[in-house]
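Enquirer: If you're matching them up, the sequences are chains P, B and D in order.
For the first sequence, my numbering assigns the number 208 to the initial residue and increments by one for each residue that follows.
For the second sequence, my numbering assigns the number -9 to the initial residue and increments by one for each residue that follows.
For the third sequence, my numbering assigns the number 4 to the initial residue and increments by one for each residue that follows.
It is worth saying that the hints were derived from the structure and are not from the lab.
Just so it is clear, the structure is predicted and the values come from calculations on it, not from any experiment.
Ideal placement from N, C-alpha and C gives every residue a C-beta, glycine not left out.
Among the hints, erroneous ones may be present.
Stated by the list, open to error - No farther apart than 27 Å at their CA atoms in a straight line, the calculated lysine-lysine pairs in the BS3-like style are these:
#	chain 1	residue 1	chain 2	residue 2
1	B	K2	D	K173
2	P	K230	P	K423
3	B	K95	D	K508
4	D	K173	B	K138
5	P	K331	D	K418
6	D	K235	P	K230
7	D	K228	P	K691
8	D	K418	B	K70
9	B	K2	P	K785
10	P	K248	D	K235
11	B	K12	D	K247
12	D	K228	B	K12
13	D	K468	B	K95
14	B	K30	D	K247
15	D	K367	B	K138
Stated by the list, open to error - Part of the chain D face toward chain B, derived, beta carbon under 8 Å:
#	residue
16	R22
17	P131
18	Y134
19	A169
20	G189
21	K228
22	P294
23	G295
Chain by chain, the residues run as shown.
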Amino acid sequence: MRVTINEKEIHVEEGTTILEAAKLLNISIPTLCHLHLHDIKYLNKQASCRVCVVDVKGQDNLLPACATPCKEGMVISTDSFRAIQARRTIVELLLSDHPNSCLTCAMNLDCELQKLAGDLGIRKIHYMGETHDEPIDDNSYSIIRDPNKCILCKRCETMCTEIQTVGALTDIGRGFFTTVGPAFHRPMNETTCTFCGQCLAVCPTGALTEVNNIKKIWRAINADKYVIVQTAPAVRVALGEEFGLEPGTPVTGKMVTALRRVGFKQVYDTNFAADLTIMEEATEFVNRVKHDGKLPILTSCCPSWVNFIEQQFPDMLDIPSTCKSPHEMFGALTKSYLCEKMGLNQDQVVVVSVMPCVAKKYESHRQELQGEGGHRDVDFVITTRELAIMIKETGINFLDLPDSDFDNPMGESTGAGVIFGSSGGVIEATLRTAYHMMTGSELPDTLIEFHGLRGLDGIKTASVDIEGRTFNIAVAHGLGNARKLLEGIRDGTFEVDAIEIMACPGGCIGGAGQPYHHGNMEILEKRAQGIYAEDRNKEKRRSHQNVHVQKLYKEFLGTPGSKKAHDLLHTHYTPRPKL
Amino acid sequence: MFLFDQEENREKIEEFIAFMDKNREMDGALLPVLQEAQNKFGYIPEEIVELISSHMQILTSTIYGVATFYSQFSFVPRGKYSISVCMGTACYVKGATDILEEFSKVLGIGLGETTPDRKFSIVETRCVGLCSDAPVVMINNQVYTHFKRADVDHILSILG
Amino acid sequence: MAQTLAEIKEMAWWELVKRLNETPDEYNIGHDSISLKGDYYQLQERIALRNIGIINPDSIEEYIATDGYFALQKALLMKPEEVVKVVKDSGLRGRGGAGFSAGRKWESAAKQQVEQKYVICNADEGDPGAYMDRSILEGDPHSVLEGMAICGYAIGANKGYIYVRAEYPKAVSSLINAIDQAQKLGVLGDNILDSGFDFHIELRLGAGAFVCGESTALMESIEGKRGMPRNKEFRTTERGLWGKPTVINNVETLANVAPIINKGADWFSAIGTPLSAGTKVFALVGKVNHPGLVEVPMGMSIYDIVYKIGGGIPDGKKAKAVQTGGPSGGCIPSKMWDTKVDFESLEEVGSIMGSGGMVVMDEKDCMVDIAKFFLEFSVDESCGKCTPCRIGNKRLLELLEKFTEGEADYTDINKLKNLSNVICTTSLCGLGQSSPNPVLSTLNYFYDEYKEHAEDKHCRSGVCKQLLRYEVNERCVGCTRCLQHCPVDCITGAIRERHYIDSEKCIRCGECFNNCPVDAITVY
Ligand SMILES: Cc1cc2nc3c(=O)[nH]c(=O)nc-3n(C[C@H](O)[C@H](O)[C@H](O)COP(=O)(O)O)c2cc1C
Ligand code: SF4
Ligand code: SF4
Ligand code: SF4
Ligand code: SF4
Ligand code: SF4
Ligand code: SF4
Ligand code: SF4
Ligand code: SF4
Ligand code: FES
Ligand code: FES
Ligand code: FES
């Protein structure tokens, strides 16, 4: 099909939208509601904001480029006076019902509406009038919803309903006062929301943002607490983006230095706890296999996923591993083992996790994850983005920082720990160790990379032969895929032995606390490459080879799966059916 | 808040469940089901939304989203008498605004509100298709045509 | 069928004539036709309304007596494409608003090579001030069922839906009864009239959302969702209800189908104008002596409708304008009442045919206020999906409120225009695309009134209360009644002396005016 855009001709396939055709010609058309994440089959095609309208010859009306398929011979102009004026008016209209409080907004400089207003040179809002004045929902530990900043693009709803199949959000009401939010205007923490945060990862404005814990951490640091920080695997390959580096660039060393400068007393690596998680989980797996226990075993390091199974599959709570997530294990150990070692009292110690995740903010408040005396295993969780803000706030020149190493004894990790950050990584790491546990020998280096379990396919499968027995493995990321897997298990169409599930597309590298990808999924790809490169560069790539982990068992925990390990490192689940 | 008395409504709830069962196979059954609920209970209690959700396997968020779209559905009970003043074009040019104002003044409630004794609600209606007899007022299903501002007191005293 | 249609007709015709002869003043009864008597009907030509007020809508026999279901019988003996051709050649255009050729719509759906197709009758009649569909559904439901069945046969659909407003309970029960009778008689259901053709009709009730009259929103609603219009990527004849090819036609459109099949395309296309064939039903309401439904050949002038049929303006008032097309239409000033009512002519003068609402307005109607009224409607009924309609119409309404409240200045007139244009050209569906029409057309024809509101803070019709001024005139007898009623105590004056109103403080509530026994309060 031949179309002409701004006097340039191009041949496109049937079904190509004007927006896609323009892109091929390097002509940019502003968009706001439209979002297409090919790799995870997410398409928000509301055609509702009307910011992308263009002039098509022979048409009285302007047409939305994002949702108008090209037709043979179409003559399109994206920059006609009429189209530009209309776009401007539309953005003005959006701003006329908007708080316009950019300076104090969590999305400042990351906001698509703000950028659009800048790009279109909006200097005055000609039409003013009544505005939304709805209460802000800051009742949950993870997500803040400010409906007054919502532009009704429904990206969040599409994400929550179609990709995550949670369906916590809907559009409510009609006309000017339409909002997007939970049924009965309930606060998010009273809904089926799992706090995966994927809605806020795609929200173009500050209508959905994470709960910000930065102030609390400054307060703790300045209150002379012994503030200990740990960083998740996925953080190190994304943090650099906030400082202008290519996605996937590992900045582990600089990050550790920066955390020390910020004022954390000790800086640890959650990867250590990831190795520990593998020891516990592989043990559990091997035990279930040996004693004809319940299979498949499901990984349990994603709190959003734990929420999901508790709410939606309350009948299947006997299959997930009882392991706490790595950072919670770390927290529990800090408040026991480390405190003991350093002669500190639990009350003096504050554990902060830097995570790619907003669900972990909620997770740290789970009743089940509190130690003796109501001490939370982890006190505060901040996201990669929040860490970047703290670094900027301090005025540290991040790019010029020298590298430094994590503190020990809980700073060392193997390549298995780092791949936790990417979808498929946990199960891959588990297999490396389970193989050892079952056979006593090591998986050869040439076989430890399970490429079939990597990448952005929704459900990935592989099988491994261990001592003559074939184990079927499946990996799902995104809760919609998780649902498919679970339903398959329930009705017997999926016969698998071990499953990894991560709520976020791509796993934690695509977590909602990471720098915004703004629709560019290549970023996730690059972060994953960064992670797998870290693994490859490690001398030790199997969790059981982690010397400090071995030492921890010897000094403190006994053996994997011991009573003490159970008390500190394992948790339990409660059915919480919700509709 | 109005409380929904499950016990008092037990029979209606059972009939309602039977209605859902009968229409389970119907495509796009949500709207007819909501209409049945609105007619049966006079409004759509939260408990009924949950019931529809579990019975028909539809998300509560979806049900809420759909129900809040249509003005037929209400989440609070309306008064015993629902007074709707037609605000369609024909009635408007024949003075419907004055009538609405008068009801509002006499009852002391605005549009979409219910008197504290839950006797009267004022709701807005648009064209009930009796334009040649405008202005039109409907109280529950009773139609009053050629309505005059001065009729307000009289009507209310009859119902009152 | 135990009896043939002809046999039923034979008997029912005489029964009907017998019944009507009881009140012979009301009917002209010919040997094979019956019509309503009286001046009001003289200039009308009733096709869609042919049976209204004549047959008993609850009786399928009486419908058959006036040739009911003969068109279906005839169509079933034709090839489907022949049926499409007759409808196409007749020039029948949609009566629901857009005026799209019914035949072309059918043709497009007929061409789709899929098993499942649907026919939808749009009976959501939402235009405030139009009620022809209600009248047909209540007075002649079978005419719609027959039209649908013929459409189903022509396009290859065997399922039909009627989406009818819940606010029309009588129409609903009339339809339920009619469907039941038709099924029993075998003119609906399986193997209709032994032709092998099946056609089933299901009723769905609207739930109070005007936008559900828009075809794709209506389909969403039948599907059990929020009735929000779909982006126009596909024709509904390709992907409509549940993604299947669907023909959606308005009640009045469908009521025209049977006569066209019976009498032929040429008969129909000879009525009306070359581009707008046939008749149109108008709901003539507002400031007119004989309000009611009138069905006239396309191309009759507004003047003839208002004066010759409607009997002119009551109370000796001066005519000002008619509004056609409801919230999507426009106002046509009385000086242009030689305008013909057909699709093209109305569009030329900045209005539309719409569903046939025709509201007559006199000098006591303020055109800014009328524009505001329609905009309020659009704001209330906007589904809220797209920005220009959701926020734009709200801002447009707020601008109009500035005019009626005396807070507008001349720059606001430009704003009205610019914003209206953006809303029209960028909105997703017909509601937003046409909601500024009442503003644009009144701006066009009644610019002076806008200017007066903005610059002189004056409303010549006395409708905009905030612009009124109250003054005590020389008739005042000093009774103090006004003074006692004024809620803001802005009236002064001693007993038996002329009173005075402080215009600054006056909130224009009208209480003084209402209570003065001697008409001593002037309002202007
Ligand atoms: C906002 C809106 C409301 C509408 N309401 C109605 C309606 O109430 N009845 C109707 O028949 N058509 C209505 N229409 C027109 C329909 O979209 C559609 O064009 C019509 O039903 C097609 O039938 P027709 O071709 O027989 O006219 C409406 C359109 C819009 C944009
Ligand atoms: S959401 Fe965007 S435009 Fe709105 S206040 Fe925040 S940064 Fe500014
Ligand atoms: S952009 Fe403008 S408003 Fe914002 S901080 Fe700078 S000067 Fe102030
Ligand atoms: S956090 Fe996840 S589950 Fe919760 S509303 Fe957002 S997308 Fe849905
Ligand atoms: S909350 Fe954000 S993503 Fe959701 S509709 Fe509003 S602006 Fe869009
Ligand atoms: S996948 Fe990772 S980032 Fe996403 S919710 Fe789960 S733990 Fe958090
Ligand atoms: S134009 Fe109005 S009614 Fe139509 S889709 Fe947009 S918001 Fe909804
Ligand atoms: S209009 Fe009302 S406020 Fe003004 S003078 Fe009369 S009674 Fe007083
Ligand atoms: S009510 Fe009339 S007559 Fe009496 S004081 Fe007032 S203006 Fe004068
Ligand atoms: S981006 Fe195309 S309409 Fe929103
Ligand atoms: S960050 Fe720890 S499991 Fe993802
Ligand atoms: S406008 Fe009131 S009945 Fe039609």
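Enquirer: Taking the hints in turn, state whether each one holds.
Expert: Structure-based check of all given hints:
1. At roughly 25 Å between alpha-carbon atoms, K2/B and K173/D fall within 27 Å of each other, so this suggested pair holds.
2. For the suggested pair K230/P and K423/P, the alpha carbons sit about 44 Å apart, so the restraint of at most 27 Å is broken.
3. Only pairs whose Cα atoms come within 27 Å are accepted, and K95/B paired with K508/D is accepted, the gap being roughly 22 Å.
4. Proposed proximity of K173/D and K138/B is supported: the alpha carbons are some 25 Å apart, at most 27 Å.
5. For the suggested pair K331/P and K418/D, the alpha carbons sit about 13 Å apart, so the restraint of at most 27 Å is met.
6. Straight-line distance between C-alpha atoms of K235/D and K230/P comes to about 22 Å, which keeps the hinted pair within the 27 Å bound.
7. For the hint linking K228/D to K691/P, the alpha-carbon distance of about 24 Å falls within 27 Å, and the restraint holds.
8. For the hint linking K418/D to K70/B, the alpha-carbon distance of about 45 Å lies beyond 27 Å, and the restraint is violated.
9. Note on K2/B and K785/P: the hinted pairing holds, with a Cα-Cα distance of about 25 Å set against a maximum of 27 Å.
10. A threshold of 27 Å between alpha carbons decides the hint, and for K248/P with K235/D the separation of about 22 Å falls inside it, so the pair holds.
11. For the proposed pair K12/B and K247/D, the alpha carbon gap of about 25 Å is at most 27 Å, so the pair holds.
12. With a C-alpha separation of about 20 Å, the suggested pairing of K228/D with K12/B holds against the 27 Å cut-off.
13. Restraint check for K468/D and K95/B: the C-alpha separation of about 17 Å stays at or below 27 Å, so the hint holds.
14. About 34 Å separates the Cα atoms of K30/B and K247/D, which puts this hinted pair outside 27 Å; it is violated.
15. Restraint check: the Cα-Cα separation between K367/D and K138/B comes to about 18 Å, which is no more than 27 Å; the hinted pair holds.
16. Proximity of R22/D to chain B is violated relative to the hint, the smallest CB-CB distance being about 25 Å (cut-off 8 Å).
17. For P131/D, the suggested interface contact is upheld, since its CB lies about 3 Å from the closest CB of chain B, less than 8 Å.
18. The closest approach between the C-beta of Y134/D and any C-beta of chain B is roughly 4 Å, which is under the 8 Å cut-off, so the hint is satisfied.
19. The beta carbon of A169/D is positioned within 8 Å of a beta carbon in chain B (closest approach about 6 Å), and the interface hint is therefore held.
20. A least Cβ separation of about 25 Å between G189/D and chain B goes past the 8 Å threshold, and the interface hint is therefore violated.
21. For the restraint placing K228/D at the interface with chain B, the shortest Cβ-Cβ distance is roughly 6 Å, inside the 8 Å limit, so the hint holds.
22. With 8 Å as the threshold, the beta carbon of P294/D comes within range of chain B, its nearest partner Cβ sitting at about 4 Å, so the hint holds.
23. Using the Cβ-Cβ criterion of 8 Å, the hint placing G295/D at the interface with chain B is satisfied: the shortest such distance is roughly 5 Å.
Of the numbered hints stated above, those contradicted by the structure are hints 2, 8, 14, 16, 20, listed in ascending order.
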